[in-house]
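Peer 1: Sequence lines, in order, name chains Y and U.
Under numbering that gives the first Met the number 0, the residues of the first sequence are numbered 0 to 401, in order.
Under numbering that gives the first Met the number 0, the residues of the second sequence are numbered 0 to 374, in order.
Any given hint could be a false lead.
Calculated cross-link-like contacts (lysine-lysine; reagent style DSSO-like; alpha-carbon spacing at most 30 Å) [to be verified]: (1) Y/K290 to U/K44; (2) U/K348 to Y/K290; (3) Y/K380 to U/K9.
It should be emphasised that the hints constitute simulated quantities derived from the structure, not laboratory data.
It should be emphasised that the depicted structure is a prediction, and the values quoted were computed from it without experimental measurement.
The chain contents come next:
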Amino acid sequence: MDFEDTPEEAEFRAQVRDWLDKNAPRYPLGTRPNMDQSKAWQAVKAKAGYAAITWPREYGGMGGKSMQNVIYGQEESQYNLPGALFIIGIGMALPTIMVHGRPDQKERYIQKGLYGEEIWCQLFSEPGAGSDLGGIRTRAEKDGDEWVVNGQKIWTSGAHYSDLGILVTRSDPTVAKHKGLTFFIVDMKTPGITVKRIKQISGESHFNEVFFENVRIPDENRLGAVGDGWKVALTVLMNERSAVGSIGVSVGTEELIDLARETELIDGPALNNMAVRERIADWHIQSQGLKYTRFRSLTALSRGETPGPENSISKAVSAPRRQDLAGFAAELMDMGGIIRDPDLVPFAAGFQDNWLSSPGMRIAGGTDEVMRNIISERVLKMPGEIRVDKDLPFNELPTGAG
Amino acid sequence: MNFDFSDDQKLLKDQANKFLQDKCDLTVVRRILDGDELYEADVWKGIVEMGWTGTAIPEEYGGIGLGHLELCMIAEELGRSLAPVPFSSSVYLATEALLIAASEDQKQKYLPALAAGEMIGTLALNEGTQAATPRTIKASYSGGKISGTKLPVPDGDIANFAVVAVKTGSGSDEGAISLAVVDLTGEGVTRTPVTTLDPTRNLSNITFDNAPAELVGAEGSGWSTIRQVLDRAAVLTAFEQVGGADAALNTAKEYALGRYAFGRPIASFQAIKHKLADMYIKNELARSNSYYGAWALSTNAPDLPAAAAGARIAATDAFNFAAKENIQTHGGMGFTWEFDCHLFYRRAKLLSVSLGSALSWKDKLVSELEKRNAA
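Hey, can you work out the whole structure from these sequences and the hints?
Peer 2: This is the structure in structure tokens:
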């Protein structure tokens, strides 16, 4: 038992370090590289094979192992480099095209996406269909060689700057819900598409609403057969799980210890108060537990094995932990905890920021409740929900809309 | 990254699992619960024959000279089976205390006998219903004799000898505490089994009245040894708790899959599914923290105190939660004597308070983190 690289991993790590040292632009910490800089760096990475390490060589990847991908990520994170713009393309849209696309579609999209020339978004969730993705209502109707799309998508990251989207629609409402879906590639500049930013409670805008009004999509942009959209969507979602990383570094127990040391309660520093100490210990073992769970999964990857289901606990633990810890830190500051001015509260209001952003984390990418369904059904093999909507035609399902 | 046990270590775990399934299923545990035996002697004999008692004892002292990682594997299976044997007292506590602090003569006298199962040892620390600290230890040693009362002492009615925490100095600081080894079958020792929440394991009320004793380690170094023993035992006990928690989760799952209500298995209700998912989450957090503890223990890492506390806290939380929610999942039958749920509930509480409660380990963990932050 140790934490060391295997000899092959050490060699790959050295190779990556050397390459980054020679090629990575040095953007100052705390700055955010712009879109042109992002695209330029993506092209450099793609040319060297590092943009898609695990992809087969025929698609421009490195044909490498998952562990090499992890090692590259660890080394790249030592620099302030852009990459977020391409996560959906490389992590979800393009691998889906590899599986379900025609040769001409692969030819048209994969290389351009890999080199960062085109940015992708994912048009899945709707106001009435989030956790229950199979309940989407955005309608696609065939008209000659084209499809006419009407409806609304929501929670679309990056729609306002994306060139292309993967879109799931309802092409036949008279059959059961999972059977009447059809999947498309859509040019985001197509007339009839309107993108509207969503402002979150934290004040940030990571997501969009996307409206479709008589948007015409050529049939050649269909991905997979008519009515096969659910199968395609499942491929995307499977890739989503492997693409979505852990929640980034932020204020945590270390900062909470510092805060508690500096904060006076009625009987002395908060850090001497057992109620405070108990909470710190609980949150510490949660973060340690997730860290070493990740190490267990990495060990499996390192051996070329498929990791066990243990990492499925990650999101269900980290998101509520962040919310509780941030809320507690604000309480420690007493009435001052309500202040969000970064100049007036410790850690530039990091705890206050986290308190506002964490409710979204408990929902995005699978709610706390959906994560527990996944753990109980896929890991513990307990029965799925009894689905009252499974065999009914979609247009006869109760909707709550009266 | 190689954050896992080796194939040989996993093989040992499988063997332990098979042996305990075969010789020590829950009907055996129940026999101890309902009867007058203090422990299951046949299972203990098998354990000794397989060499488990000598796992971490060097070959020069009659052990088999493996390490603590192997001991972790055995501990998980003992925890899973709820085995009613004095393994933890003799191996995690007495053996480790002697390995750390005993003189060469003492090692020669005790370790081969412990490895061979000719002797069973324990550690006598607590004195009543509060934590054992340099302030609360009153048992005293002078002139080769000890006097005082230790309560409760794990497996104290089974063990041949105990390593006893005693007061040798006048103050209430750590330097006032020493360790002494005492023959529990000798003169001046009175022991009585205590009624406890977990009758599947023996706990004893021991009174020493000028009982002959011999210091283990230098006078005044006892508390430092105790701290090291507790760190090691915390990791090993965490593995027992992980095993127990895993068994409780499986019991709950099997029952929920087979029990129908309102025309469907109760395992299909989200209230039950999410409860069991929460068990799984806590169990995995406990397992991962325990793996880190195992690594720190096997390499004697400077981070062992924090790693041991982390393993201990997470595993205590997991087993307590799984044991109580297993009863809840079983509904009415869960709190009958007939069903096995209470066996896990009892053992979870015993392991939870042994070696110091979660509260004391949390306090200790944060003290370690403070040092780290200051450094």
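Peer 1: Could you tell me which of the numbered hints above are not met by this structure, giving the numbers in increasing order?
Peer 2: 1
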